[in-house]
Amino acid sequence: NAGVMQNPRHLVRRRGQEARLRCSPMKGHSHVYWYRQLPEEGLKFMVYLQKENIIDESGMPKERFSAEFPKEGPSILRIQQVVRGDSAAYFCASSPLSKTNYGYTFGSGTRLTVV
Amino acid sequence: SQELEQSPQSLIVQEGKNLTINCTSSKTLYGLYWYKQKYGEGLIFLMMLQKGGEEKSHEKITAKLDEKKQQSSLHITASQPSHAGIYLCGADKRETSYDKVIFGPGTSLSVIP
Numbered sequence: 001n002a003g004v005m006q007n008p009r010h011l012v013r014r015r016g017q018e019a020r021l022r023c024s025p026m027k028g029h030s031h032v033y034w035y036r037q038l039p040e041e042g043l044k045f046m047v048y049l050q051k052e053n054i055i056d057e058s059g060m061p062k063e064r065f066s067a068e069f070p071k072e073g074p075s076i077l078r079i080q081q082v083v084r085g086d087s088a089a090y091f092c093a094s095s096p097l098s099k100t101n102y103g104y105t106f107g108s109g110t111r112l113t114v115v
Numbered sequence: 001s002q003e004l005e006q007s008p009q010s011l012i013v014q015e016g017k018n019l020t021i022n023c024t025s026s027k028t029l030y031g032l033y034w035y036k037q038k039y040g041e042g043l044i045f046l047m048m049l050q051k052g053g054e055e056k057s058h059e060k061i062t063a064k065l066d067e068k069k070q071q072s073s074l075h076i077t078a079s080q081p082s083h084a085g086i087y088l089c090g091a092d093k094r095e096t097s098y099d100k101v102i103f104g105p106g107t108s109l110s111v112i113p
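Heads up: the sequence lines are chains G and S, in that order. Under my numbering, read the first sequence as residues 1 to 115, first letter to last. Under my numbering, read the second sequence as residues 1 to 113, first letter to last.
Worth flagging that the hints you see were computed from the coordinates, not collected in a lab. Even glycine gets a Cβ: it sits at the ideal position worked out from N, Cα and C. Treat the hints with care, as some may be off.
[To be verified] Label pairs and their in silico Cβ distance ranges:
no., chain 1, residue 1, chain 2, residue 2, range
1, G, Glu40, S, Ser82, 19 to 29 Å
2, G, Gln50, S, Lys51, 36 to 46 Å
3, G, Pro96, S, Gln50, 12 to 22 Å
The following block holds chain G by itself, in its conformation from the complex (with noise of 0.2 Å):
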């Protein structure tokens, strides 16, 4: 029963160019959450779809940024045009409910390095 899955692991883009993060979540869940950690910083929270649905979106950045999770396949978080500022290790988690007492499952996260 794999858990929820990111790829890549590591990504490095060239400012100006696109990031596209992928995350398969858990088996049966069907709620996506974005998060991002900058270096030095704590874990900041950025979008959370069900599918086909945005939800609530209040922490991503207005412009280069956006999220999507289709009826089929894995959720994308996609940057547009990335600077350095971008570099951050990005995590997805995953829940079977909208409401639960225990949590997320979170995956292992893609790191992504812009030079």
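Got chain G sorted already, so can you dock chain S onto it with the hints?
Frame of chain G, contents of chain S only:
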């Protein structure tokens, strides 16, 4: 908005020693999570506390939510090198109809053999 503070920011202990990490909230906590993050890896769920005075244990790790529900402590007994990592507390934002966990800045723990 609710904010979480953790203390200490970092901690270095000798193997076998006990230690405590604190998490303080600016607002009442309705759900308090403790996660552990190994360096360079993802987060592992440790436990969740909901009721004031509630205490839970997992192996040598015990967490408690105080009666006023604005502070939680995480206690490790007889620390081992395997306990090293970053410990994060997280609070459930009650005003949403879905789980939305806001995390503290983390406490970095190193255990010296």
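The hints, checked one at a time:
In this structure the hint that Glu40 of chain G and Ser82 of chain S lie 19 to 29 Å apart at CB holds, the actual value being about 25 Å. At about 29 Å, the CB distance of Gln50 of chain G to Lys51 of chain S disagrees with the hint of 36 to 46 Å. Between Pro96 of chain G and Gln50 of chain S the C-beta distance comes to about 19 Å, which sits within the given range of 12 to 22 Å.
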